[in-house]
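Single-letter residue listing:
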Amino acid sequence: MEIFVLILTIFVLAIFVGLEIVTKVPPTLHTPLMSGSNAISGITIIGALLLAGQIGNPELSKILGTVAVIFATINVVGGFLVTDRMLKMFKKK
Amino acid sequence: MISQNFINLAYVLAAVLFIFDLKWMAHPRTAVKGNRVGVLAMLIAIAATMLSGNLEFKYILIGISIGSVIGAVAAMRVAMTSMPEMVGLFNGFGGGASIMVAGAALIAAMYSLAGGGEEASMQTKIAIVASGIIGSITFFGSYVAFGKLAEFLAVKWKLHLWQSIIKYGFSSAVVAGGAWYGLSQPTSAMSIGLIVSAVLIGAILLIKKDRFPGMNILKSLCGIAVLVLGYMVIQDPGNMLLFWLLVTVAGVLGVILTISIGGADMPVVIALLNSYSGLAATATGFVINNNVLIIAGSLVGASGIILTQIMCKAMNRSLTNVLFGSLGPTADTPDAEEVYKTVKSTSPEEVAMMLETAQKVVIIPGYGMAVSQAQHAVRDLANLIEANGAEVLYGIHPVAGRMPGHMNVLLAEADIDYDKLKEMDEINTSLAQVDVAIVLGANDVVNPVARTDPNSAIAGMPIIDVDKARTVVVIKRSLSPGFAGIPNPLFAMDNTLMFFSDGKKAMEDLIAAVKEGN
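Sequence order for the protein chains is W and R. The numbering used here puts the first sequence at residues 55 to 147. The numbering used here puts the second sequence at residues 0 to 517.
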């Protein structure tokens with residue numbers, strides 16, 4: 055229960071930080087913001103890695119974990135690369 | 000093995016770097032650096048997890064290799080005009096990962112319980128349920144958004160081969176997967192429910208219309224079923240069939256919620272799904288008690304919420320109205336023929352002559368520019384006009400195109416200085432001094448009815464006031480209505496000239512005409 059309250063606190067505070075900083079992003083960068091933040095949401099990969107690799111985990115759990123690793127990696131690699139491609143185009147002459 | 004404290008510190012560092020990533024997104028000068036800091040944060044978090052010990056790398060390496068190849072190829076090959084589909088699709092993978100992690104965690108928890116370990120805490124159980132539900136809505140919702148944007152779902156025309164393969168392949172896979180799993184279990188209400196839900200998902204995805212009878216009832220039924228099933232999973236976490244039933248029913252909900260949303264509202268949907276994908280990651284963070292997932296997921300969730308709000312505001316609609324209402328012509332929508340009686344059509348030569356004497360030109364791009372890939376031709380024309388000593392600016396409506404910032408990315412691709420891209424409020428203050436306003440493939444976002452007719456479907460929506468410019472040139476293939484389905488009196492105004500053509504072709508004709516005039 056203590057852990058729950060602790061991480062709940064972190065969750066609430068992080069939402070506020072997110073609202074505060076994202077409000078400052080100008081409309082010009084909204085598409086890269088979406089694809090970039092999308093890549094960040096691929097952080098689920100951490101959970102996927104722990105389940106796919108945990109020694110002593112049942113095989114089925116590992117397989118589901120591996121599918122999760124594939125999905126999350128597509129999200130992370132694809133998201134960051136496509137954002138980088140877009141952002142490099144924003145130039146000032 | 001490295002101490003847990005060290006690993007947790009690495010997670011804190013990753014979380015801080017993620018915050019800097021989004022913070023630096025606030026300016027085009029720092030945004031590239033920001034994105035790369037995000038990559039660094041992700042690598043730190045992954046490395047810390049790999050070093051936390053007790054892991055074998057066989058499955059992990061397989062998963063990462065497959066995922067990296069798919070992700071990299073997709074990211075490098077996608078055209079800038081297809082960015083909305085791409086982002087829609089990527090959202091779904093995050094959601095899919097959350098479902099799988101929740102399922103795997105549930106199996107692992109039951110296995111450990113059977114081996115004499117402790118029972119999973121209430122928090123873990125609730126988080127697994129939330130992760131499964133949000134993940135599934137995101138996964139299936141994103142697939143629908145991708146399909147509608149790539150124009151192979153809910154369309155009546157003939158599909159290309161690749162579109163048919165995805166459309167029928169995905170439907171068959173869902174139905175086959177549901178039937179296979181449902182039949183492998185002893186026959187019960189649950190296994191039948193699972194098969195029915197899977198068939199329902201597959202079938203709805205094949206319908207050629209956005210809406211079908213009984214849709215709202217089904218929506219409510221699924222909503223209630225998801226809550227009830229979620230409660231049942233928490234009570235009986237050992238029952239995997241129950242968990243997968245929950246995931247499929249949430250999938251039906253995800254499909255119906257997204258499929259009924261019209262083309263004009265796509266920017267809202269993409270932003271909303273973006274938010275869900277973050278919340279799904281957060282829920283997964285609660286499953287495995289991990290701070291970096293919770294922080295990173297919350298940042299993305301918050302970002303999606305803000306974008307959703309901005310999009311709704313730009314259309315003067317509430318989120319409830321986007322999700323549950325409908326946009327379209329109202330009963331007293333004026334007759335198109337009546338409105339368009341005084342439309343004047345023009346030629347490239349006439350427009351070129353006006354551009355030669357103009358001092359200030361504003362270009363208002365819309366979805367039509369994206370469809371015809373006219374952005375590079377727009378830049379060439381703008382360079383010619385500027386060479387004549389005139390000023391060229393761009394007026395960008397927040398919902399122009401199909402995702403937030405869609406037009407900006409396309410114009411940036413064509414090397415247009417981002418300082419020339421003006422937001423709606425800024426450009427509106429100076430439109431009265433503009434000599435020529437060129438509307439390129441935009442319609443509803445420049446429809447003055449939004450200001451004048453309180454009964455119209457788009458009443459109160461903030462628009463770009465191009466009608467205030469001295470001359471307006473509207474480049475459009477025909478007089479067909481925009482997403483809102485209502486006629487646009489701008490096209491028939493005294494100071495408006497219609498240039499009927501494909502966006503890119505029109506730009507090229509104008510370039511030729513201006514060059515000739517010089």
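Because the hints were derived from the structure by calculation, they are not lab data. There could be a bad hint or two in this list.
[Claimed, not checked] Pairs of lysine-lysine, DSS-like flavour, derived with a Cα cap of 25 Å:
#1 W:K145 x R:K343
#2 W:K145 x R:K32
#3 R:K22 x R:K207
#4 W:K142 x R:K207
#5 R:K208 x R:K340
#6 R:K155 x R:K57
#7 R:K22 x W:K145
#8 W:K145 x W:K78
#9 R:K419 x R:K359
#10 R:K124 x R:K208
#11 W:K145 x R:K359
#12 W:K78 x R:K207
#13 W:K142 x R:K340
#14 R:K340 x W:K146
#15 W:K78 x R:K467
#16 W:K78 x R:K419
#17 R:K124 x R:K166
#18 R:K32 x R:K340
#19 R:K421 x W:K146
#20 R:K312 x W:K78
#21 W:K145 x R:K419
#22 R:K218 x R:K157
#23 W:K142 x R:K166
#24 R:K343 x W:K146
#25 W:K142 x R:K359
#26 R:K359 x R:K343
#27 R:K207 x R:K218
#28 W:K146 x R:K157
#29 R:K22 x R:K57
#30 R:K343 x W:K78
#31 R:K312 x R:K419
#32 R:K124 x R:K155
#33 R:K359 x W:K146
#34 R:K22 x R:K32
#35 R:K166 x R:K343
#36 R:K208 x R:K218
#37 R:K343 x R:K419
[Claimed, not checked] A few chain R residues that face chain W, going by a derived Cβ cut-off under 10 Å, partial list only:
#38 A224
#39 L226
#40 A270
Treat the numbers as computed from the prediction; the structure is a model and nothing was measured. Yeah, the Cβ is synthetic: ideal placement off N, Cα and C, and Gly gets one too.
Okay, the hints, checked on the actual structure:
no. : hint            : verdict
1   : W:K145 x R:K343 : violated (38 Å)
2   : W:K145 x R:K32  : holds (14 Å)
3   : R:K22 x R:K207  : violated (42 Å)
4   : W:K142 x R:K207 : violated (39 Å)
5   : R:K208 x R:K340 : violated (33 Å)
6   : R:K155 x R:K57  : violated (46 Å)
7   : R:K22 x W:K145  : holds (19 Å)
8   : W:K145 x W:K78  : holds (19 Å)
9   : R:K419 x R:K359 : holds (12 Å)
10  : R:K124 x R:K208 : violated (38 Å)
11  : W:K145 x R:K359 : holds (23 Å)
12  : W:K78 x R:K207  : violated (40 Å)
13  : W:K142 x R:K340 : violated (47 Å)
14  : R:K340 x W:K146 : violated (44 Å)
15  : W:K78 x R:K467  : violated (30 Å)
16  : W:K78 x R:K419  : holds (19 Å)
17  : R:K124 x R:K166 : violated (34 Å)
18  : R:K32 x R:K340  : violated (54 Å)
19  : R:K421 x W:K146 : holds (14 Å)
20  : R:K312 x W:K78  : holds (17 Å)
21  : W:K145 x R:K419 : holds (11 Å)
22  : R:K218 x R:K157 : violated (29 Å)
23  : W:K142 x R:K166 : violated (33 Å)
24  : R:K343 x W:K146 : violated (38 Å)
25  : W:K142 x R:K359 : violated (29 Å)
26  : R:K359 x R:K343 : holds (22 Å)
27  : R:K207 x R:K218 : holds (19 Å)
28  : W:K146 x R:K157 : violated (43 Å)
29  : R:K22 x R:K57   : violated (37 Å)
30  : R:K343 x W:K78  : violated (43 Å)
31  : R:K312 x R:K419 : holds (24 Å)
32  : R:K124 x R:K155 : violated (43 Å)
33  : R:K359 x W:K146 : holds (20 Å)
34  : R:K22 x R:K32   : holds (11 Å)
35  : R:K166 x R:K343 : violated (43 Å)
36  : R:K208 x R:K218 : holds (16 Å)
37  : R:K343 x R:K419 : violated (30 Å)
38  : A224            : violated (23 Å)
39  : L226            : violated (21 Å)
40  : A270            : holds (7 Å)
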